Amino acid sequence: MVQRCLLLPLAALWVCGGIGCGKKVGTAESSHGSNLIDRELFFGNPALASPQLSPDGRWVAFLKEKDGILNVHLVGWGESLSQARIITAEKARPPAGFSWTRDSKYLL
Numbered sequence: 001m002v003q004r005c006l007l008l009p010l011a012a013l014w015v016c017g018g019i020g021c022g023k024k025v026g027t028a029e030s031s032h033g034s035n036l037i038d039r040e041l042f043f044g045n046p047a048l049a050s051p052q053l054s055p056d057g058r059w060v061a062f063l064k065e066k067d068g069i070l071n072v073h074l075v076g077w078g079e080s081l082s083q084a085r086i087i088t089a090e091k092a093r094p095p096a097g098f099s100w101t102r103d104s105k106y107l108l
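The sequence shown: position 51 = 51 (this note's numbering), numbered continuously.
Don't take every hint at face value.
[What the hints assert, rightly or not] In silico DMTMM-like links for lysine to aspartate or glutamate, alpha-carbon gap of 20 angstroms or less:
#1 Lys105 to Glu40
#2 Lys105 to Glu79
#3 Lys91 to Glu65
#4 Lys66 to Asp103
#5 Lys91 to Asp67
#6 Lys66 to Glu40
What the hints contain is simulated information worked out from the structure, not anything from laboratory work.
In this text the structure is predicted, and so the values were computed from the model without any measurement.
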């Protein structure tokens with residue numbers, strides 16, 4: 001249990017590494033001269049969201065945008081994010097959530 005608790009934050013950092021993290025946020029000048037965060041950046045989809053490490057530690061599932069909608073993607077531990085496979089094909093709205101089965105064979 002302790003091992004899994006330590007791996008989940010590490011998986012989140014690994015998945016997030018270099019994508020959307022530490023990017024400079026766009027701002028716009030308001031009529032009062034204060035900087036405002038761009039509405040698209042603030043309310044838009046994140047680059048990656050909800051990373052979940054499989055119970056056996058071999059896979060990372062996460063939400064990533066495809067055609068304007070967040071879908072579940074899957075990548076092997078240590079693989080590049082460019083090798084991620086799309087698991088869902090939602091066209092209207094993103095999945096409310098997902099989780100692994102205990103044997104790491106399925107995402108629900």
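Hint-by-hint comparison with the structure:
1. Restraint check for Lys105 and Glu40: the C-alpha separation of about 37 angstroms exceeds 20 angstroms, so the hint is violated.
2. Note on Lys105 and Glu79: the hinted pairing holds, with a Cα-Cα distance of about 18 angstroms set against a maximum of 20 angstroms.
3. Distance restraint check for Lys91 and Glu65: the Cα-Cα separation of roughly 11 angstroms lies within the 20 angstroms cut-off, and the hinted pair is therefore satisfied.
4. In summary, the hint linking Lys66 to Asp103 is not supported, as the alpha carbons are separated by about 28 angstroms, beyond the 20 angstroms threshold.
5. About 8 angstroms separates the Cα atoms of Lys91 and Asp67, which keeps this hinted pair within 20 angstroms; it holds.
6. Annotation: proposed proximity of Lys66 to Glu40 holds, straight-line Cα distance about 16 angstroms (limit 20 angstroms).
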